[in-house]
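There are 2 protein chains.
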Amino acid sequence: MQRYFIQKKQITQSTIQMTKEDSHHIKNVMRMKIGEKVTCCDDSQTYLCEIKTFEPVVLLSIIETYDENNETTVRVLIAHGLVRREKTEEVIRRLTELGCSEYVPIILHRSMVKPMDEKSSRWQIIIKEASEQAHRTHKMVLHSTQTLKQLVEQTKDFDLRLFADPSMGLSSLKQVMSMKQFKAIAVIIGPEGGLEPSECQFLIESGFVGVHLGKRILRTETAPLYVMSAIAYHYGDQDEN
Amino acid sequence: MQRYFIQKKQITQSTIQMTKEDSHHIKNVMRMKIGEKVTCCDDSQTYLCEIKTFEPVVLLSIIETYDENNETTVRVLIAHGLVRREKTEEVIRRLTELGCSEYVPIILHRSMVKPMDEKSSRWQIIIKEASEQAHRTHKMVLHSTQTLKQLVEQTKDFDLRLFADPSMGLSSLKQVMSMKQFKAIAVIIGPEGGLEPSECQFLIESGFVGVHLGKRILRTETAPLYVMSAIAYHYGDQDEN
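Keeping their order, the protein sequence lines are chains L and W.
Under the working numbering, the final residue of the first sequence carries the number 241; numbering is consecutive throughout.
Under the working numbering, the final residue of the second sequence carries the number 241; numbering is consecutive throughout.
With the rest of the complex left out, here is chain L (with noise of 0.2 angstroms):
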């Protein structure tokens, strides 16, 4: 069924105003009908919803709320080097698809580009769209974009903090995360050419483990998707039989 991410504050007792720009989807993107159904999310609960009327925005009536969790039992954060937009792009959708919890560009040495915060009302938009398809209960939160000494900061309270590198790794992502069961995992990625050394060293002074992803050379673009699948994986989701 067709899943949208809504605001709580577009519910009034037993209705939800749409937005404009989901109203359209509804009535000319997928053509619905009233009284066809669609399925709403908070972040915190999900809602059964069906179409009451298509002007002049879409308002759905609420048939049945309840609790759901599709996501993975742990929270993951994934801290990316600046790249080229259409590869963060492609990286912030696949992410979503993947489960990650908390997205943030990260400014290094080697990063080609400046950061891109007035980027970010267009990548919340693919988060949202790709939420959605991806039957995600909670939306991936996507951070500002943050230097190394922000980030170190930001990930205090994470009980396994990782930075990929294929020289600087002496364990396996595999080696550590088998070490016991960790409730909050951030891994920074490093951009085109990687980390450098100077990073790494402050990030081993500041807690963080260098892990490798194995013997083959992965992309920038193509680290973040193997990490968080290996996550996915290995932990499995909340509520799973």
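Treat each hint with caution, since some may be false.
Repeated chains share a single entry, so a pair holds when one copy, or any two copies, can fit it.
Simulated crosslink set (DMTMM-like; lysine to aspartate or glutamate; CA at most 20 angstroms straight-line) [to be verified]: (1) Lys149 <-> Glu205; (2) Lys9 <-> Asp43; (3) Lys9 <-> Glu102; (4) Lys174 <-> Asp237; (5) Lys37 <-> Glu90; (6) Lys87 <-> Glu129; (7) Lys52 <-> Glu21; (8) Lys9 <-> Glu71; (9) Lys87 <-> Glu192; (10) Lys114 <-> Glu90.
Rather than coming from a laboratory, the hints here were simulated on the basis of the structure.
Following the hints, position chain W against chain L.
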């Protein structure tokens, strides 16, 4: 170091004659000089080489021949329902990086595109480039487009044969993978809209096992990346320390 996949017939005693395309790459893209070193790989051995001459094509002299293995410990065949050209190309590129052994485009009921074997020389170039960049020691094998029936026949000697389906997959990929150590794994992934019930039924009767890939719905071009990442993570690499 820059790596090039070559064919055995390019080697004469201790000299390797590069193709026109790779000569162009060495001279004009990498702008390398006489005496500089590159690595060549012929799907069985690795050669450390030095550039000897540029004209009419680049000649390399072999300094050292050695065995190297940057592959996963398990043979993985991914069969993917035909999807749009750009998506297929991206999947082929990333699966090559992630260590996939064999790729088969397959014709399924919901495939929206026609067989694209005329594209296969373009796909071979993508595989060669991605194998070189990822430092693989064996190129991913690209099979010609097959029907489901041909694929069943083709994968007879695999000791684990799976298809991904959110509804028919009663077990997760991890549950099935954890049963024992497998030598060769084949996984079928549907096109947009997935496999048809009759296709799932045929696969079950042919000895395939349906698995789900978690609670999130992955797009047809994301699912192969998740599966390959998970298998590579689960099995690790040959010669791993």
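task: Go through the numbered hints given earlier and state which of them the structure violates, listing their numbers in rising order.
output: 3, 5 and 8
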